[in-house]
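Colleague: Residue numbers (my numbering), protein chains in the order written: chain A, 1 to 351; chain B, 1001 to 1632.
Hints should not be assumed to be uniformly reliable.
[To be verified] Here chain A is said to cover these stretches of chain B; the calculated rule only asks that three of the stretch's residues, wherever they fall, bring their Cβ under 8 angstroms from a Cβ of chain A:
1) 1160 to 1171
2) 1346 to 1358
3) 1410 to 1423
[Unchecked claim] Only pairs whose alpha carbons sit at most 20 angstroms apart, straight line, appear in this in silico PhoX-like list of lysine-lysine:
4) K237/A / K79/A
5) K258/A / K295/A
6) K1413/B / K79/A
7) K258/A / K335/A
8) K1613/B / K69/A
9) K347/A / K258/A
Treat the hints as calculated values from the structure; they're not laboratory data.
These figures come from a predicted structure and were not determined experimentally.
Every residue, glycine too, gets a C-beta built ideally from N, C-alpha and C.
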Amino acid sequence: MRNRPLVQAGLVAVVATALGIALGLGIRWFPEQASTQAHRVDTLYDVLIVASVPMFVLVVTVVLFSVWKFRMRPGEETKDGPPIHGNTRLEVLWTAFPAVLLISLCSYAYVVLTDVERKPAGREMYINVTSQQFAWSFEYPAAATGGQPMQSTELYLPKDQPVQFKIQSKDVIHAFFVPAFRVQIDAVPGQTTTVRATPSRIGDYPLICAELCGLGHSTMRSTVHVVTPAAFTRWLKSRQAPGLSPSAGPGALAAAGKTVFTGGAGCGGCHTLADAGTSASVGPDLGKTLGADAKRRGKPLDAFIRESITAPNAFLAPGYPSGVMPQNFGSTLSKAQVDGLVAYLTKVTAK
Amino acid sequence: MVAKVRAPGFYRAGLMAALGVAFAAGLVALVRSTSELHPVFKGAAVTQVALIAAPLFFLVGLGAFDYWFYWASGRPTRPEDHSGHGARSWRDYFRVNTDHKVIGIQYTVTSFFFLLVGGLMAMLMRAELAQPGSQFVDANTFNGLFSVHASLLIFLFIIPVFAGLANFVLPLMIGAPDMAFPRLNALSYWLLPIAGLMMLASFFAPGGSFASGWTAYAPLSDTAPLGQSFFTIAVQFAGASSIATALNFLVTIITMRAPGMSFFRMPLLVWANFATSLLVVIATPFIAASQFFVLLDRGLGFNFFNAGHGGDVLMYQHVFWFYSHPAVYIMMLPGFGIISEILAVKSRKPIFGYRMMAFSLLAIVVLGFTVWAHHMFTSGMQAWIRIPMMITTAIIAVPTGIKIFSWLATLWKGVLRLDTPMLFALGFLTMFTLGGISGVMLSMIPFDIHVSDTYFIVAHIHYVLFGGSLFTIFAGVYYWFPKMTGRMFDERLGRIHFWLTFIFFNLTFAPMHVIGIDGMPRRVADYTSNYADWNLIISLASFVLGLSTLVFLYNIVSSWRTGVRAPANPWRGLTLEWQVSSPPPIFNFDSLPTVVGGPYEYGVPGAVHGVFKGGAEVRPTPAGTVAQPSTQ
C-alpha cells in the first residue's frame, strides 16, 4: 500500500463519492412539488448530482493527494519531477468518457423536456396572463369560466386540471416563474409566450417575476392558489356576482377592501400603508398622502381614491412619474373589489 | 503655462475635454435648431453627445494621437527616440507611455482599482440583503449597485487585468522587445479609465445610475433614465480597448516570436492569449452593435427594440449573448494560461499533454460561438433552438475537462512547491471544477428553466468568475510580482490571504446554490423571509471576504515599496521572462534569444528552452540566486 498512491487515492475517492452523493440527495433543495412536472425535473437533478459528485471528488482527491504525497520536502529544493510529457491512452480516455457521459445526460434531459412540455391528454384550460410594471393580471376566457370571460388580479387554479398560460407583456420583459411548478417563461413585449403546468397539490404558491423589470422588480409577486375544482367553481361564481349588496355596512366593505389591498390586487407591492402593514416605496405612502392629494385635486376623498385606482395618470402625487402604476385596474379588479378598496382607503386615511 | 498647455499631458487633456463638451453642446444646438426642436439646449442630448466627444478630445489632448497627426498632416514625425520607454518614477505611469511593461502595470493597477470599487458595491448590496425589508439603500440605488458592480468587474477588471498581465509578460515570453504596435497599446490603455469613470459617473446622472443589469436588456434599457447612456457609451470605449489590444496580441504573437519559437514551443500563456484574442476580435463587435442599437433607440428614437413599431425585443438578446457568452471564455482562457505556467514550474514537471492543451483552447474558441442561446432557454425564442444549444453547451465541457485532467496529471508525482501562487492555482482547480459542474447542470434545459434568473445563476457565475478567473488573477499577480516590481512579496501574508479568500469565498457563494434552487430570484432588493437565515450567513461571510482583500493590498503595497530584492529567476522557471533581470531591462533582452526546445522541460537532464547569443543557455536557476544587476 505504501507505494501504491493510486490505490490509496482510489479508496479515499470511493468513500468521499459515497458521502457526497448521500449528502447531495439528502439536502431538500427544491420547494414543494405542486405540479405533475415537478418530480420529473427533481429526478433529473438527482441524476445530475449522482453524475457530478464523482467528477468533483476525483479532482479534489487528486489535488489533496498530490499535496500530501508529492509536496516538496526539506532537501528537495532543487529536485525536479519525472519528465512525463503525456499518455495518449489516458488522454483519449478522458476525452471520450466525458463526451459519452455528457451526451447521455443530454439525451435524458431531452426526454424530460418533451415530457414536461407535452400537450396533456385531457382538456386543457387556457389562461391569459398579462404582465406590466409591476403587477400581474389574469384573464379567464369563456371556455374556462363557462360564461363571460373574466379579468382578475388573482390566480386560482383547479387541482389536476392541465393549464396552458398564454403570457404577454405591456411594457418591458418580465418572467412568469412559479418555483413550486418548476416552470418559467419570459413575458416578451410584442409576442405571446406559452407554458404548461398541471397543478397537483392544493395550496398557495408564490408567483415571481424573475426577469429584472425596473424599480419595483422585487415587489412584482403574486400568489397561485391551487384549490379543489369545487372551490374553483365557487371562486368563479363569487367573482361574477354583483358587488356586496349596498346594505352591507361600510365596515364589511372596508374589511373586504383590506383583503384586496394586501392580497389580490397587490397594492402593497408598491405602496406603503401602515394600517395594512406594507412598506414598499415604488409609489407614494397612501396613509400619508391621500388626504392632502385629494385636496390638491379638489375632489372628495372617496371620488379621488376611485379615480386614482382606475385612472392613475389623471392626478400624480408630487414627485412620482406617470405611467408607473398600471392603468387597467378598472378592468382587472371587479366592481366589488374597487368598492371595497375605496371604502377601506377612505376609512384609513380619513382618520 | 502656455508651454504646459501646448505640450501633451493632463493640462492639455483637461482643456480639450472641456472643448469636447462645448463641441457637443454646439452640435446639439445646431441640429436641434435646424430641426426646430425646443429647447435648443437639451441637457440629456448634450450629455449623450458629450459622453462620446469629450473622451476623444481628452485623448487628443493627452497626446495619444500626436504621432499620427504629425504624420497625416505631413509634418516631420518625431522619430521614436524611446525616451518614452520605461518608468523612472511613479509619475511616468500617468503619461502616455509606449513601453509594454509600463502599460502592463498601468493596466493591472487600474483594473485592481476597479476591483476594489466593484467589491465595495457588493458589500453595500450584501448589507442591504442581510435582512429582508429595506435598510440601507432604496430599490433604485440597489438596482444601480448590482448593475455597476457587474459592469465594472467584467469590463474594467477581469478582461483588462488579463490584458495587463499578458501585456507585461507575453512579449518577454516570446522573446520580443515590445508589442507590435506600441502606440496602439498605449491608446488601448487610456480608453480604459475613461470607460470606468464613465460608469461610475452614472451615479450622478439625474434618475440615478444605469440600473438594468450588466445585460441591459431592451426594452428596459431603451426607456431607462439618462444613466443608462453612460453604460451604453462606456461599453464602446472598453470594447474598443479590448479589440485594439487583441489585435496587438495577435500580430505580436504571429510576427514577433524569437528565432526557433515555433507555435508548439510557445508557453501555454501565449497560446491562451492567442485564443482569447481571436475571441475578442470576432465577438466584441457584437456587443458594440447591441449597445449602438440601444443608443440609437434612446437618443434618436429608432425602434430597433420597440415592439409597438415593428422592433424585435429578442434580437437584442441574441446579439448581446453572441458576444457575452464568448466573453465568459475571454474571462477564463487567459487564466488557463496562467495556471499552466504556474503548475508546470511549481510541480517541476512538463505540462501533461501540451498539444492537447493548445488544441483544447482552440476547440473552446470554436465551440464558444455555438452556445450563446443557452442564456435564453426561458426567453420565448423558438423552442427547437434550445436542443442544439444544450448539446454544444454540454460538449464544451469536454475540452475544458481535458485541461483539468491534464493539470491533475501534471501534479501527479511532481515535487510541489506549495507557496502562494501554487495555493491559488490549486484553489482555482477545485473551485473552477465546481463552477464547471454547475455549468453542465445549467445546460440541461428542464433544470435551467427552473433556476433561470435565480441565485443559482449568481452562485454559478461567481464560482466561474471569482473561484475561476479571480483565483487565476491572484495566482498570476503573485507569480509575476517579482518580475514586474523587482521585489519579493511577503509569503506569510500571501498564505493568509489565500486561506481567508478560499474559505469565505465558499461560505459566501456555496449557500447561493441552495436558495437559488429553492426559488429566490436574483437582482432583487428585497426577498421573502424564508430566505433570511441563509442571506444573513452569506452577508457576514462576504464581509470577511471583502476584508481579506486588505491583506492582499497591504502585502502588495508594502512589498513593492520595501520588499526583498527579487532575483532574476526566483521560481527556477525555464520560460524566457525569467532569464532577464527583475524588473527586465528597458528593451527586454540585451541579446535576442534563440529558442531550441519546449518551454516546460523540467526534469529532462540538460534540457534548455532558449539560448542567448554568446552561448549562455537558458537553464533553471536555483532559488536564492543573487539578483542580476539592476538596469537603473
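Colleague: Now look at each hint and say whether the structure bears it out.
Modeller: Here is how each hint holds up against the structure:
Residues of the stretch 1160 to 1171 of chain B lying with their CB closer than 8 angstroms to a CB of chain A number 0, which falls below the three-residue condition for coverage. Counting residues of the stretch 1346 to 1358 of chain B whose CB lies closer than 8 angstroms to any CB of chain A gives 9, which reaches the minimum of 3, so the coverage claim holds. Counting residues of the stretch 1410 to 1423 of chain B whose C-beta lies closer than 8 angstroms to any C-beta of chain A gives 8; at least three are required, and the coverage claim holds. Proposed proximity of K237/A and K79/A is contradicted: the alpha carbons are some 85 angstroms apart, above 20 angstroms.
Between K258/A and K295/A the CA atoms are separated by roughly 24 angstroms; this puts the pair beyond 20 angstroms, and the hint is violated. Between the alpha carbons of K1413/B and K79/A the distance comes to roughly 12 angstroms, so the proposed pair stays at or under 20 angstroms and holds. In summary, the hint linking K258/A to K335/A is supported, as the alpha carbons are separated by about 15 angstroms, within the 20 angstroms threshold. About 41 angstroms separates the Cα atoms of K1613/B and K69/A, which puts this hinted pair outside 20 angstroms; it is violated.
Among the hinted pairs, K347/A with K258/A is consistent with the structure: their alpha-carbon atoms are about 10 angstroms apart, no more than 20 angstroms.
The structure fails to meet hints 1, 4, 5 and 8 from the earlier list, while all remaining hints are met.
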